[in-house]
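Input sequences plus hints: build the corresponding full structure.
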Amino acid sequence: MELKEYMQILRKRIWIIIAFVAVACIGAGVKSYFLTVPLYEANAKLIVNQAYNVQGVPSLDISSIQTNIKVISSYMEIIKSSAILDKVATTYPDLGMNGNELGQILRVSTANESQVMNLTVTGLSSEKAAKTVNAVAKVFKSQIPVIMKVDNVTILSEAKPTDSSGPINVNPVMNILISFFVGLLLSIGLIFLLEYLDDTLKTEDELEKELRIPALAVISRIRKEDARFSKQSTTSQKQVGDGQYATVNQ
Amino acid sequence: MPRLTNEKGTLVTMANPKSTSSEAYRKLRTNIQFSSIDSQIQTIMIASALSGEGKTTTIGNLAVTYAQEGKKVLLMDTDLRKPAVHRMFNVPNHVGLTSVLSSQYKVTEVLRETGVEGLHVLSSGPIPPNPSEMIGSRKMTALLQDLKEEYDVILFDTPPVLAVTDALIISSLCDGVILVVSAGKVKKDFVKKAKAHLEHVNARILGAVLNNVQLPKSRSSYYGGNA
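Heads up: the protein sequence lines correspond to chains A and F, in order.
Residue numbers for the first sequence follow the numbering used here, beginning at 182 and rising by one.
Residue numbers for the second sequence follow the numbering used here, beginning at 2 and rising by one.
Simulated from the structure, these hints should not be mistaken for lab results.
Watch out, some of these pointers could steer you wrong.
[Said to hold, decoys possible] Dumping the calculated DMTMM-like pairs for lysine to aspartate or glutamate here, alpha-carbon to alpha-carbon at most 25 Å:
| hint | chain 1 | residue 1 | chain 2 | residue 2 |
| --- | --- | --- | --- | --- |
| 1 | F | 188 | A | 387 |
| 2 | F | 193 | A | 387 |
| 3 | A | 383 | A | 183 |
| 4 | F | 188 | A | 376 |
| 5 | F | 186 | A | 380 |
| 6 | F | 193 | A | 380 |
| 7 | F | 193 | A | 391 |
| 8 | F | 188 | A | 183 |
| 9 | F | 188 | A | 391 |
| 10 | F | 194 | A | 380 |
| 11 | A | 185 | A | 386 |
| 12 | F | 194 | A | 391 |
| 13 | F | 186 | A | 186 |
| 14 | F | 28 | A | 389 |
| 15 | F | 28 | A | 385 |
| 16 | F | 193 | A | 376 |
| 17 | F | 188 | A | 386 |
| 18 | F | 189 | A | 183 |
| 19 | F | 189 | A | 379 |
| 20 | F | 186 | A | 386 |
| 21 | A | 193 | A | 387 |
| 22 | F | 189 | A | 386 |
| 23 | F | 188 | A | 186 |
| 24 | A | 383 | F | 24 |
| 25 | F | 189 | A | 376 |
| 26 | F | 28 | A | 387 |
| 27 | F | 188 | A | 385 |
| 28 | F | 194 | A | 389 |
| 29 | A | 185 | A | 391 |
| 30 | F | 194 | A | 386 |
| 31 | A | 383 | F | 190 |
| 32 | F | 19 | F | 118 |
| 33 | F | 194 | A | 376 |
| 34 | F | 194 | A | 379 |
| 35 | F | 28 | A | 391 |
| 36 | F | 186 | A | 183 |
| 37 | A | 309 | A | 275 |
[To be verified] Covered by chain F, per the in silico footprint, the following chain A stretches (three or more residues, Cβ under 8 Å):
| hint | stretch |
| --- | --- |
| 38 | 373-385 |
| 39 | 392-402 |
Here the structure is a predicted model, which means the values were calculated and not measured.
The beta carbon of each residue, even a glycine, is placed where N, CA and C say it ideally should be.
Put into structure tokens, the structure is as follows:
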């Protein structure tokens with residue numbers, strides 16, 4: 182089969198493609214505009230750093246940095262533990278969440294080989310998310326000296342309740358675009374499957390090959406306008422009956 | 002003037018002799034004439050594997066093209082179970098072939114004129130309880146002998162090959178069989194089976210007609226239509 186035949190196959194069942202793509206796009210649109218609760222995200226950054234006092238002079242050396250980096254992985258676990266989150270819940274009752282719920286909306290990450298920790302909270306509004314993430318950061322900073330006996334956490338940046346970058350999970354254009362391509366692929370796949378499963382005779386060549394008898398004629402679907410009387414033939418029945426066609430090729 | 006279109010088929014060759022479809026039927030006529038050199042093909046039947054493939058439409062239009070050529074043509078409806086030719090040509094069917102075979106009428110009494118000069122139609126008549134026996138009867142053979150002297154071409158519309166045995170019986174009475182295949186509708190296996198059935202009874206298959214083909218738009222305007 183060559184490209185032209187593929188195009189022919191697709192064109193024959195173009196309505197499948199149209200239907201699939203339309204349903205997929207409308208579905209994605211409805212889902213993202215009406216059925217998705219928009220979620221907002223807020224970020225706070227903590228830096229884990231402590232300069233050691235060497236002979237009374239604060240200094241920063243490579244080994245202390247390494248220690249801080251090592252200690253971060255412990256901090257990531259600590260921040261998600263109930264020791265911190267329950268404290269956040271009790272200290273800030275206006276958040277209206279318990280420690281477990283906080284744990285579910287909180288993500289902690291760190292850039293590789295850096296001393297910076299990134300706290301991210303997802304919430305139903307940007308203000309709420311910012312408030313929550315700041316609360317977690319503050320409680321963590323205040324609790325670390327208690328837990329680790331070392332005060333080396335500083336809040337690098339707090340989330341600002343006002344800066345809203347829009348919901349993170351609502352991207353209708355992207356969703357529709359993805360649905361469009363998925364619908365397109367599925368429908369094309371389906372069409373080729375149907376074509377493959379279709380074991381009917383369709384062309385003159387197939388007929389001659391499969392039956393090994395000559396194809397005497399190929400008759401196309403009779404068009405409606407052909408079925409009606411054309412003007413010259415309605416005027417006289419005789420003209421239709423024999424007329425100019427009767428003896429032309431004999 | 003007879004009505005030319007109905008749900009069963011379309012006499013495009015009569016309604017619109019210049020159309021592409023009419024040209025296709027003329028090509029069929031020509032190819033049938035060329036498919037035999039030594040023996041004359043006087044009786045032709047149209048067969049198909051399943052019903053609804055376009056047998057009646059094809060045979061009706063073929064009959065009209067033969068008549069337009071100046072031949073004396075008889076179109077016989079030997080589908081005694083679900084006859085359709087009478088509707089296509091809009092002729093009565095209260096008497097017909099079965100009336101002749103059961104000796105109630107003479108054949109000259111039931112032959113019908115059509116709107117086309119030189120084309121007569123013998124409709125099926127009332128539906129009998131024993132169609133296969135009627136078609137296989139000696140009376141049928143004798144009737145056909147008489148009609149062959151009257152007409153240049155006799156065409157038979159038949160029931161589907163895979164449905165009933167009638168078509169195979171008729172094929173033994175005919176000089177040639179044309180197999181109609183509806184494009185994209187019938188499984189290859191069914192068509193092959195129908196062909197095998199016909200070959201088994203030594204029918205002479207002249208060839209096949211591929212019916213209901215959807216031509217791409219660019220091709221249909223070639224030499225075509227009313228344009």
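Status of the hints after comparison with the structure:
1. 188(F) / 387(A): 12 Å, holds
2. 193(F) / 387(A): 12 Å, holds
3. 383(A) / 183(A): Holds, at roughly 17 Å.
4. 188(F) / 376(A): 13 Å, holds
5. 186(F) / 380(A): 9 Å, holds
6. 193(F) / 380(A): 12 Å, holds
7. 193(F) / 391(A): Holds, at about 8 Å.
8. 188(F) / 183(A): 24 Å, holds
9. 188(F) / 391(A): Holds - the C-alpha atoms of residue 391(A) and residue 188(F) are around 11 Å apart, at most 25 Å.
10. 194(F) / 380(A): Cα-Cα ~14 Å, so holds.
11. 185(A) / 386(A): 17 Å, holds
12. 194(F) / 391(A): The given pair, whose Cα atoms are some 11 Å apart, holds under the 25 Å limit.
13. 186(F) / 186(A): Since the Cα atoms of residue 186(F) and residue 186(A) sit roughly 19 Å apart, the hinted pair holds (cutoff 25 Å).
14. 28(F) / 389(A): Between residue 28(F) and residue 389(A) the Cα gap is close to 17 Å, so the pair holds against 25 Å.
15. 28(F) / 385(A): 14 Å, holds
16. 193(F) / 376(A): 20 Å, holds
17. 188(F) / 386(A): Holds. Residue 188(F) to residue 386(A) sits at ~15 Å (cutoff 25 Å).
18. 189(F) / 183(A): 23 Å, holds
19. 189(F) / 379(A): This hinted pair holds, its Cα atoms lying about 10 Å apart.
20. 186(F) / 386(A): 16 Å, holds
21. 193(A) / 387(A): 18 Å, holds
22. 189(F) / 386(A): Holds. Residue 189(F) to residue 386(A) sits at ~13 Å (cutoff 25 Å).
23. 188(F) / 186(A): Holds, because 21 Å separates the two Cα atoms, which is no more than 25 Å.
24. 383(A) / 24(F): Cα-Cα ~20 Å, so holds.
25. 189(F) / 376(A): 14 Å, holds
26. 28(F) / 387(A): 20 Å, holds
27. 188(F) / 385(A): Answer holds: residue 188(F) to residue 385(A) is near 15 Å, not above 25 Å.
28. 194(F) / 389(A): OK: residue 194(F) and residue 389(A) at ~15 Å, within 25 Å.
29. 185(A) / 391(A): 23 Å, holds
30. 194(F) / 386(A): Given that 25 Å is the threshold and the Cα spacing comes to 19 Å, the pair holds.
31. 383(A) / 190(F): Roughly 13 Å between the alpha carbons, so the hint for residue 383(A) and residue 190(F) holds.
32. 19(F) / 118(F): With Cα atoms ~18 Å apart, residue 19(F) and residue 118(F) stay inside 25 Å; holds.
33. 194(F) / 376(A): 22 Å, holds
34. 194(F) / 379(A): Judged against 25 Å, a Cα distance of about 18 Å means the pair holds.
35. 28(F) / 391(A): 22 Å, holds
36. 186(F) / 183(A): Distance of about 23 Å is within 25 Å: holds.
37. 309(A) / 275(A): 10 Å, holds
38. 373-385: holds (count 7)
39. 392-402: holds (count 10)
Violated hints: none; the structure is consistent with every hint.
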